Amino acid sequence: MNAAIQLEERFGARLLESVEFRSELTYVVASSDWVEVLRFCKEAPGLAFDQLDCLLGDHLPERTAAPFEVVAHLVSHVYGHRLRVKTSLTEGQSLPTVTGLWPSAGFDEREAWEMFGIVFDGHPDLRRLLTVEDFEGYPLRKDFPLQGTVGGRIRTDLRGKI
Amino acid sequence: MSAERPTLEELKERKVLSRQRVERSGEVMTVSMGPQHPSMHGVYRAVLDLDGEVIVAVRPEIGNLHRGVEKLCEERTYHQIIPITDRLDYLSSFVMNHGYCEAVEKLMGVEVPARGRYIRTIASELCRIANHIMWLGIHIMDLGTQTFFCICFRDREYVLDLLEMLTGARLTHSFGRIGGVAKDLPDGFDHRCRKVIDFLPQRIAEYERIIKHNRIYYKRAKGVGIFTSEDCYAWRVTGPPLRSAGVARDLRKDEPYSAYDEVDFEVAVEYQGDVYDRFLVRMKEIRESCKIIRQCLDNLPDGPFLARDVTHSLPLKKNVLRDSAAMIQDFYQVFQGPLAPKGEVYRAIEAPKGEMGVYIRSEGGAKPARIRFTTPSFYHGQALPPLVEGEMVSDMVAIFASIDVVLGDCDR
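Protein chains in written order, with the numbering used here: chain V, 1 to 162; chain Z, 1001 to 1412.
Don't take every hint at face value.
[Said to hold, decoys possible] Pulled a few chain Z residues facing chain V out of the computed Cβ check, cut under 7 Å:
no., residue
1, G1063
2, H1066
3, K1071
4, A1234
5, R1236
6, G1343
7, G1357
8, R1372
9, T1374
10, Y1379
11, Q1382
The set of hints was computed from the structure by calculation and includes no laboratory data.
Please read all numbers here as calculations on a predicted model, not as lab measurements.
C-beta: ideal position from N, C-alpha, C; glycine also.
Whole structure, please, built from the sequences with the hints as guidance.
Below you can see the structure in the form of structure tokens.
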């Protein structure tokens, strides 16, 4: 794949790992290289990934050193190829936003923040997206229970007053 | 030719001009539109900053229908997730089953038999027709006509009847299975389906006769809500809104799945990128869908409709109480579930509303470690600010309807 050759030429050992599974190519990069690699993917003429298909957070608690992951799926309308770029994060580590490259990352990053607690530096509007404003906890982390009453309590003290 | 097929630069210029029609006073008022507003198509809320009737800024608020689908999926086996995917886009739920099953099959390396692929294509296209007809009725109702809504719902009923005959349910089908579909085509389906797809293009012509040259519709839709192809890429707007901006992008052609590479159809493209062209694209798509279904019925291959894959798919129910091997397979599939290899896949398909992708990360067990549904409405709902800023409030209703957002799909 042409894209793979170009990326490897440009970044070399800074691409920490490359995996090919079911003919899908994945590159793992360091979180400090995140924006630079994605910017290159978007702007290099031979790559031209003009659309961010989705950006998501992930939690791998068994990997204690860096339990969080952010995964970006890129697609190019010029060449029709796809690419996946990943980075690993420790608890509390933040990642620069990519809303400047693809504005569509806005909701994705808000979702990753509210579901996993991954902070995106420079995001224009980092608020809760799908859950209520006073929700506590990060629901998609593996240690968050599937059943329970967190954030879903019924305010009996307000009965009859509203 | 530039009037018919404007270049990107011309379209950009037209977009800027169309959003400077009304003078502004400089006084801004904040109004909350939704979540109970009838033209918000569910529980979408838009906080509008208005200058007179001109929209200065929009802040979309979603999440009122959030059900935690992705968290639920992590606690279920791959078979048990199929009914959950129905509830994503409940207006075309088989397509959601289809996308999910394609992703799981890619992860597990399951081959779908030819008949299964054809039946999937037929069901998907029926869903697409039902979705577009429903869209049309609601879109026109938002612009002020009640009667046309009833006409559309009457015709959608014919398609839903077919889907009911095929799957047993009108809306939440749960018809896809890993490795094929749940049932074969029922007796008499072929005849009834042909009758409907012969008759639908005539109805589409009738819709177009009512709507296309209607002066009120023309004024409300032409040149309103222009979105160029560049904007579409930046905001991940896909499907009919992208194709109405002159991009012939259709995953059924570009990354074919099921039987789409074996049938002959055209990608519906229009060039003005406005509300009117989104209507034209969808009408074309209904015609193409009829064409696809007819070809699938003509060339329907014989053979199994569900993969005979002991480790990944369910056995036929009629064999379970007669055949011990099928019974063992049933126990294995129901109590443990199919095992997936370690790895991650992303598969996108062309849903009626846009590109719907499924990301699955498996750690090699019976349950996925992480699932993400990349649904079109999520991104279309996000793209509302660039679509409507500078337009009038009454046009926002038309524009929001034209991008076809369903909140089950958006909030997951």
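Structure-based check of each hint:
1. G1063: Since chain V brings a Cβ to about 4 Å from G1063/Z, closer than 7 Å, the hint holds.
2. H1066: holds (4 Å)
3. K1071: The hint holds - K1071/Z has a Cβ within 7 Å of chain V, the shortest such distance being about 6 Å.
4. A1234: This hint holds: A1234/Z lies near chain V, its Cβ roughly 5 Å from the closest one there, short of 7 Å.
5. R1236: With a minimum Cβ separation of about 4 Å from chain V (threshold 7 Å), the hint on R1236/Z holds.
6. G1343: Holds - the Cβ of G1343/Z comes within 7 Å of chain V, reaching about 4 Å at its closest.
7. G1357: G1357/Z check passes; min Cβ-Cβ to chain V is 6 Å, inside 7 Å.
8. R1372: holds (5 Å)
9. T1374: holds (4 Å)
10. Y1379: Since the shortest Cβ distance to chain V is 6 Å, the answer is holds.
11. Q1382: holds (4 Å)
Hint violations for this structure: none, all hints satisfied.
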